[in-house]
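Enquirer: Start from the sequences and build out the full structure, keeping to the hints where you can.
As given, the protein sequences belong to chains A and B, one line each in that order.
Sequential numbering of the first sequence, starting at 1, is according to this note's numbering.
Sequential numbering of the second sequence, starting at 1001, is according to this note's numbering.
What the hints contain is simulated information worked out from the structure, not anything from laboratory work.
Bear in mind that the values here come from a model prediction, so they are computed numbers and not experimental data.
Glycine included, each C-beta is placed from N, C-alpha and C at the ideal position.
Take these hints with a grain of salt, some might be off.
Here are a few chain A residues that face chain B, going by a calculated C-beta distance under 10 Å [as the list claims (entries may be wrong)]:
1) D337
2) G514
3) D587
4) T803
5) Q806
6) E818
7) H820
Listed below are the residues making up each chain.
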Amino acid sequence: MTALQDRPLTATEDGPVRSRLVVIGNGMAGARTVEEILARGGAEQFSVTMFGDEPYGNYNRIMLSHVLSGEETDEDIYLNTLDWYADNDISLHAGHRVVRVDRFAKIVTAVHTATGDVAEAGYDKLIIATGSSSFMPRMDGLTRPDGSLTDGVFAFRTIDDTRGMIAYAEHDHHHRAVVIGGGLLGLEAARGLQRFGLSVDVVHAGAHLMNAQLGAAGADILRAGVERLGIGVHLSARTTGILGDGRVTGVALQDREALPCDMVVIAAGIRPNVELAVTSGFTVERAIVVDDFMRTVDDPDVYAVGECVQHRGQVYGLVAPLWEQAGVLADQITGADVTAAYHGSRTATKLKVAGMEVAAMGLQEPERDTDEQVLFAEPKRGVYKSLIIRDDKLVGATVLGDTSKVAFLMQAFDQGLPLPQERLSMLFELGAPSAEVGAAELDPQAQVCNCNGVSKAQLCSAVESGCTSVQGVMDRTRAGKGCGSCKLMVKQIVEWAAGDRVQEDPSVHWYVPGIPMDKPALMRAIREQGLRSVSAVFAALAPDGQEDARSKMGLGSLLKMMWNDEYVDERDARFINDRVHANIQRDGTFSVVPQMKGGVTSPAQLRRIADVAEKWQVPMVKLTGGQRIDLLGVRKEDLPAVWADLEMPSGYAYGKSFRTVKTCVGQEFCRFGVGDSTNLGIALESRFQGLESPAKIKMAVSGCPRNCAESYVKDVGIVAIDGGRWEIYVGGAAGAHIRKGDLLATVDDPETAERLTGRFMQYYREHAKWLERTYAFVPRVGLDHLKAVIVEDSLGIGADLDTRMQSSIDAYRDPWHEAHRPATPGQFRTGLPLQVLPQVPIR
Amino acid sequence: MSAPDTAAPDAQEGPLAVHEAPHRLGPLEQIPVGEGRAFGVDGQQIAVFRVRSGSVYALSAVCPHRGGPLADGQLDERQVLCPLHLNGFELATGCSTTGESPLTAYRVEVDGTGDVLLYLHGAVRG
Ligand code: SRM
Ligand SMILES: Cc1cc2nc3c(=O)[nH]c(=O)nc-3n(C[C@H](O)[C@H](O)[C@H](O)COP(=O)(O)OP(=O)(O)OC[C@H]3O[C@@H](n4cnc5c(N)ncnc54)[C@H](O)[C@@H]3O)c2cc1C
Ligand code: SF4
Ligand code: FES
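Expert: Here it is in structure tokens:
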């Protein structure tokens, strides 16, 4: 017997004493939970040991259907390779099946599935994540005398099952397969096996396919689709036995003729793996019973997660709930958030079944007389949509064939969103709830702020306790303080809840919270009094001359825009990102994004970036959504050296400033290109680099209306059209908000496009509220107004705007030069001196 | 990660412990006006802030919300904002202005030579 890890608490070289965490089951839930624990700094608290009875690292089980269908290879589906375990200092015992948990001695005992060797490990905390196995209905001829499956019979659960099926299906003499089970897995298996030239029949005991997810009507349409693929479907058919002597020759059915075949795949459902828990004395009903903290009810040191658990009576068979469970477990076990609790998941599934899109959530059919059903069926095209609505909330939906509306439906189902009166729009056109329906009908428990987890009820109770301004409620609850996309909803709810008590908060008109002035008044005062630094503005304009930390960044940006070279730059007015010219990360490290104009790079540049990444051991190198390269997880102390080695200018991925210009290849290479989009993009980025503005500005230039650079959804998006002309769109967005930009002008040459872009930017810089993106600014001031001022120069300020823009451009200096002479003492000193950095996962 | 619990037995008493030898953190010039800098003191992470009017404050350096580095935060005369999610903490007391758990506030002073002295056990509030 080998004793693994049976040492008591382990002390790392310099770190604190770590306790021993043992995880049984190295599948999707087990490994994900460990990842979540590591992400919460768990490596410092725990030495981790994992047992898995499959002899591999963790792989994506969902992808097995794709491996069978040939869309993926079995190499490609690993989520955690063996290196990952080594890199994270996890002792993995692959191929070991745990057979006993001694809860009193706190020891688990495992047996190697091939060699029979026994191993033991002591634990302080234990996680059971044993998943499920395929359910094998009882029938004659299923197994050989030794209990193993008859030759040609397969389960569909593991990578070994899948490899076995493929090898068998590829065999020249195998022509027919029967799949037992007409659920998701069975249909996937049937479709996959067809690839090998087998003719496939599905035998299903239920009266219709996928009865766990679909009602009869939807299932009929699915069945027609499946049959069109050439798969035989036998419903209400009970298999009584496997025929053949040592090798499969067919399946026997009750009251029907036998189906001849060469192989059988059993996909008749799953059963949680609970034997270990049962024999070790844990409470097991349908599965291992856990509380809201994912702890077993029997032992506070033992947790369970995944398909092997039963939570509030529910057992799940899809991954989404497991992710939530893993997060809660990790919060609890590390103490990162001891208030975290799992409340169960409403499972909405969106799947591709045998090549057809299927989404299902909640009720399949109306249950009460008052339930409303909205139904559309087009069997010929294989389209079916059924919505079940109760008290104006979506309580169920089944969608087949065309799943374009599914994202909205899932959200409405999950969050109890108000539904559009025009029900048809939930089936066919962009069906987001209209703002007006909002507040009143929203379910009290619906989460309004998804970043900070604030519900409608919490907003209402803040109002009840006396907060009657929108700002006050936002400060109290932190709603709207994450990505900000819920602000409008928060405002409506507060106004609805407060009724006529609602107070208009005068500060909503102020440019920054600490100075009671709107932007025009503030700019006038700054100019008249010649206020050139942030502290001068506070002294002159703030109540009692009081500084306000929340106002500093906005003022700094405004003053820089107004005074350019004459701005007196006080470093403490800057947000940390602007002090060190990089974006702070969750663990206090920074990301470095060098400029890569228009997304165009060169081998030399790439080589240099690669060298720097290696030299400085950058934990992650990532292509950004802005067509450049991000070096993530750089220590603050290393920033100057990293820039010096890069010898590239800053890409300004951290500031409230002009960011990037995305481009497409355009005319030079693309057979459809009608304008030189890359060169215009590079010109724009060279011209406007780093300019501060009230919020981020992102641009794109596309070489034709196919719009591969996504110009319609940028702050400024330019599209080349036939005839050498260029369209300029402004106010587009595709982040927290989606908005198609408005066509500001169509111009004849790139120079004019560049000039109008600059003019628009300057007008925006001078008139937008702090943090107001163009997608809010453009509709607020109105397209007609912008056209008049910027294109037609109706106010006669065009030339002035151009001049002021030019002064800003002339005053631009690449901040990464500070690498050579720090601006303040300790500018790059770490903010967390004793922390082991970086903590972001290394890839 | 939560801030280390450092409240000494005499911390609650009001008048600060008289006998405690302070930790000498070096010249005040290390900390630019209006900013904070972090120090590792006796195994603890302490952020020292120097506000524009000249006062110096010391707080535990790790944000109780999600571990943000407070020394990298922005400040005014009253509070520091964590750079990660902008929770606020009073410089003098460590109390959060946005409903988070409080930080430990330490007694800190500048001596005649211009060095910053920190009293690790003289927690103003912990
Ligand atoms: C790195 C990148 C993601 C990636 O891996 O691809 C990214 C990363 C961040 N984005 Fe982004 N965004 C990135 C492309 C985008 C895009 C796509 C694009 O630029 O084409 C969008 C949608 C377009 C847009 O800007 O609207 C986008 C919309 C946002 C938003 C939502 C803004 C909005 O009002 O709609 C935020 C939040 C904010 O600005 O307050 C945000 C905020 C952030 C921040 C800066 C969050 C923060 O303050 O720390 C992220 C920094 C992560 C870090 O630790 O470094 N990011 N972000 C992309 C960098 C692009 C670049 O090269 O500059
Ligand atoms: C072919 C297929 C397709 C799927 N498609 C989808 C899909 O499209 N969408 C979706 O949401 N879900 C899908 N699923 C379901 C999804 O894969 C599971 O929900 C998920 O894998 C469950 O994770 P788990 O960790 O609980 O269990 P598992 O991933 O099964 O992991 C449990 C692990 O523990 C091991 N183990 C068990 N007992 C012991 C023991 N005593 N000692 C040591 N190790 C042990 C097992 O061998 C296994 O490796 C699919 C499943 C299959 C099989
Ligand atoms: S990179 Fe953007 S989308 Fe991704 S987590 Fe950060 S802010 Fe959110
Ligand atoms: S970590 Fe400090 S506010 Fe979130």
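Enquirer: For each hint, tell me whether it holds in the structure or not.
Expert: Consistency of the hints with the structure:
no. : hint : in the structure
1   : D337 : 9 Å, holds
2   : G514 : 8 Å, holds
3   : D587 : 7 Å, holds
4   : T803 : 33 Å, violated
5   : Q806 : 31 Å, violated
6   : E818 : 14 Å, violated
7   : H820 : 18 Å, violated
Comparing the model with each numbered hint stated earlier shows that hints 4, 5, 6, 7 do not hold.
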